[in-house]
Structures are given as structure tokens and as C-alpha cells.
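Enquirer: Work the whole structure out from these sequences, hints included.
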Amino acid sequence: GAVVSQHPSWVICKSGTSVKIECRSLDFQATTMFWYRQFPKQSLMLMATSNEGSKATYEQGVEKDKFLINHASLTLSTLTVTSAHPEDSSFYICSANSGSGSTDTQYFGPGTRLTVL
Amino acid sequence: QKEVEQDPGPLSVPEGAIVSLNCTYSNSAFQYFMWYRQYSRKGPELLMYTYSSGNKEDGRFTAQVDKSSKYISLFIRDSQPSDSATYLCATTGYSSASKIIFGSGTRLSIRP
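Protein chains in written order, with the numbering used here: chain C, 1 to 117; chain V, 118 to 229.
Heads up, some of the hints might be wrong.
[Claimed, not checked] Residues from chain V that face chain C, not an exhaustive set, calculated with beta carbons under 7 Å: (1) GLY160; (2) PRO198; (3) LYS216; (4) PHE219; (5) SER221; (6) GLY222.
No wet-lab data here; the hints were simulated from the structure. The beta-carbon is built from N, C-alpha and C at its ideal position, and this holds for glycine as well.
Expert: Pasting the structure below:
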């Protein structure tokens, strides 16, 4: 099946710093990528939808100036958490569509665990 | 009311047992339903994808959708310790290409 990678897998940073997370589709081109956040023992919540070459669409309640998304190529999307605070500590997961955009062709990355001290 | 409701568990069963995982959803117009498996500190993996009502079988896994009661189920036969994970039900609502709405997940543990 299609492979999606994320880097880093785990990051610890100080409060007030910025952190960049990369999401790559390794063996297919993804016109659309999605970013999710998952708090402990909770489900995945969609943060934003990212289309290559255009601005991301953010879900209600997600601060676009805090969570910067760049989808510069068909295989790479980045999420930058700016001025991170302890409440931003979470598991961030990306996914990418490999085909027609149907859900059964959406593949998830392994996730990035962010801890803000 | 949440669009997808799921009992968080945890659920613990002995190896070899039949496992039944269930969710309910709020909108009778929803047609696309999925089950994902998520191991600890990993991304979710698509297990089953169904459209409308009925059953779908894949090996030891069977997904069932009952639109009359807005109920979706996942059955695991001959459960194995490697099946221990969190299982998430999900829907994309009316369209197969819409955003995924996840249930809260059920933590399942299979005892050897």
C-alpha cells in the first residue's frame, strides 16, 4: 500500500519556540493532505485540509496564524506550530490522498508526538 | 450530540474470542463508514470501508452497517493478541471524499 512518512516522530521544545513537522507521500503524489491532532485517549480531530499550491482550509476553532501549513509540492506538506505552549502538546498526524480523493485511498502517517515544556 | 458515538472501553477478552465493537451515528443520510485500527503511538490504519447498509467480510473481520438503527459494528473472529489496539469507527457522511469524522475509539486488549 501507499506509504506516508512524518518527521520527526517525536519532538520536545521549550515554550515560545516554533516547531516544524513534515509529512511526505513516499510512493505517490498527493494533491490533498490533511492534518489531525489527537490528545491522549481521544480521537483524531481534523485541523486543516491542505491542497498543493494553494492555501490550507482550516477547521473551525483552529488558529491559522498559529498552525502554519505549507503544501509546496505533491509529496510534501509541512505544519509549523508557532510560539508553542504546553497546551499544544499532542500527537499530530497527517494523511494523504493517493487516488481519486475517495476516503479509501487516504493513507495516514505514523504521527509526530510534540511535547512543549 | 456527537456525529459518531463510540464506547471508549477498555475492552478485554481472551484469545480466540469473538469481539464485537459498535458505534452509533447521528445522521441517517450518512452512507460511507470505516473502521480503523490504531496501535499505540502510531497513525490509524484502514481496516474496513463500507457503503450504505449490509455486511462486508475480510478474513477474520466483518463490518456491518444497520442504517435503520444508525448502528455500525465490527466483528473480529478468532481474536489474537496482535489485535490489541484502539479501534476507531468513522464516517465521511454523504460523500466518499468528504472529511473523515472519527469516533472516540475503543481500546481492545486480547489476553493470551
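Enquirer: Let me know if the C-beta of PRO198 (chain V) comes in closer than 7 Å to any C-beta of chain C, holds or violated.
Expert: violated (21 Å)
Enquirer: Quick check on the hint: SER221 (chain V) CB to chain C CB, less than 7 Å?
Expert: holds (5 Å)
Enquirer: So, as I understand it, the hint says GLY222 (chain V) touches chain C; can you test that by seeing if any CB pair is closer than 7 Å?
Expert: It holds, given that the least Cβ distance between GLY222 (chain V) and chain C is near 5 Å, below 7 Å.
Enquirer: GLY160 (chain V) was flagged as interface toward chain C. Is the shortest Cβ-Cβ separation under 7 Å?
Expert: With a minimum Cβ separation of about 4 Å from chain C (threshold 7 Å), the hint on GLY160 (chain V) holds.
Enquirer: Restraint: PHE219 (chain V) near chain C, CB-CB cut 7 Å. Satisfied or not?
Expert: It holds, given that the least Cβ distance between PHE219 (chain V) and chain C is near 4 Å, below 7 Å.
Enquirer: Given a cut of 7 Å on the nearest C-beta pair, is the interface hint for LYS216 (chain V) held or broken against chain C?
Expert: With Cβ-Cβ at 5 Å, under 7 Å, it holds.
Violated hint for the displayed structure: number 2, the only one.
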